[in-house]
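Colleague: Let's have the full structure, built from the sequences with the hints guiding it.
Just so we're aligned, residue 1 is where the sequence shown starts under our numbering, counting upward by one.
These aren't lab readings, by the way, just hints derived from the structure by calculation.
Cβ atoms here follow ideal geometry from the backbone N, Cα and C, with glycine treated the same way.
Treat the hints with care, as some may be off.
Calculated pairs, DMTMM-like style, for lysine to aspartate or glutamate (alpha carbon to alpha carbon, straight line, at most 20 Å) [as the list claims (entries may be wrong)]:
#  : residue 1 : residue 2
1  : 72        : 43
2  : 24        : 51
3  : 72        : 140
4  : 21        : 67
5  : 39        : 140
6  : 14        : 67
7  : 121       : 95
8  : 39        : 12
9  : 9         : 63
10 : 121       : 148
11 : 70        : 148
12 : 39        : 67
13 : 72        : 44
14 : 21        : 51
15 : 103       : 92
Distance windows between CB atoms, simulated [as the list claims (entries may be wrong)]:
#  : residue 1 : residue 2 : range
16 : 149       : 94        : 17 to 27 Å
17 : 149       : 124       : 14 to 24 Å
18 : 14        : 96        : 46 to 56 Å
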Amino acid sequence: MVAPQEWLKPFETKWTWRTIKDAKDESTTRAVLLNWIHKTRAEEVVDNLLEGLHSSERFRTLDWLDELRKPKRYFIRTQNSPSSLLLPIVLETLERPITIQAKALIDSGCTGSSIHHNFVKNHGIPIYKMASPIPVYNADGSRNKAGEITAYAELR
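Modeller: So, in structure tokens, the structure goes:
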């Protein structure tokens with residue numbers, strides 16, 4: 001851990017980390033982080049990231065901060081290529097005992113987990129309406145034509 005008396009050069013990784021750790025409230029933490037990160041990464045400043053930066057060990061946090069400083073990167077893969085990231089998985093609903101074997105696209109570039117509404121409907125997976133819809137954007141920044149995320153499913 002950084003000693004409180006240790007002088008750190010302002011606006012470098014260790015200084016930013018200590019400023020986040022010493023922040024008195026969430027809005028200060030968010031402001032420091034938004035000032036630090038690359039402008040294309042602003043939507044990644046979500047509550048679980050802030051919590052993770054506060055609670056993680058120093059070296060992991062410093063790596064996260066260094067990564068957030070870089071511009072957002074996009075990876076494009078085709079599902080049928082030998083380097084595809086499709087893995088066989090087993091899904092299980094929490095509410096009732098439904099087990100589904102499927103293939104999952106890992107590290108798709110989505111900032112959260114997602115599941116297609118037709119897959120949910122075809123397998124009878126229970127869904128719950130969201131308090132407010134989440135807009136979906138394509139890699140080029142345009143709104144996705146399929147619309148917003150309006151419901152979620154609880155799976156393990």
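Colleague: Now look at each hint and say whether the structure bears it out.
Modeller: Hints versus structure:
1. Between residue 72 and residue 43 the CA atoms are separated by roughly 11 Å; this keeps the pair inside 20 Å, and the hint holds.
2. In summary, the hint linking residue 24 to residue 51 is supported, as the alpha carbons are separated by about 13 Å, within the 20 Å threshold.
3. A hinted pair counts as satisfied when its Cα atoms are at most 20 Å apart, and residue 72 with residue 140 qualifies at roughly 12 Å.
4. The suggested pairing of residue 21 with residue 67 holds, with an alpha-carbon distance near 18 Å, which does not exceed 20 Å.
5. For the suggested pair residue 39 and residue 140, the alpha carbons sit about 15 Å apart, so the restraint of at most 20 Å is met.
6. Under the criterion of a C-alpha separation no larger than 20 Å, the hint pairing residue 14 with residue 67 is consistent with the structure, at around 13 Å.
7. Between the alpha carbons of residue 121 and residue 95 the distance comes to roughly 16 Å, so the proposed pair stays at or under 20 Å and holds.
8. The hinted pair formed by residue 39 and residue 12 meets the criterion: a straight-line CA distance of about 17 Å does not exceed 20 Å.
9. Between residue 9 and residue 63, the direct Cα distance comes to roughly 17 Å. Compliance with the 20 Å bound is thereby established for this hinted pair.
10. Annotation: proposed proximity of residue 121 to residue 148 holds, straight-line Cα distance about 17 Å (limit 20 Å).
11. For the given pair, residue 70 sits about 28 Å from residue 148 by alpha-carbon distance, which is inconsistent with the 20 Å threshold.
12. Distance check on the hinted pair: residue 39 and residue 67 sit about 13 Å apart at the alpha-carbon level, within 20 Å; holds.
13. At roughly 10 Å between alpha-carbon atoms, residue 72 and residue 44 fall within 20 Å of each other, so this suggested pair holds.
14. Of the supplied pair hints, the one linking residue 21 and residue 51 holds, its CA atoms being roughly 10 Å apart against a limit of 20 Å.
15. With a CA separation close to 14 Å, the supplied pair residue 103 and residue 92 stays within the 20 Å bound.
16. A hinted range of 17 to 27 Å for the beta carbons of residue 149 and residue 94 is consistent with their spacing of about 19 Å.
17. As the Cβ distance of residue 149 to residue 124 is approximately 20 Å, the hint placing it in 14 to 24 Å holds.
18. With their beta carbons about 50 Å apart, residue 14 and residue 96 fall inside the hinted range of 46 to 56 Å.
Hint 11 alone, counting from the list given before, is not met by this structure.
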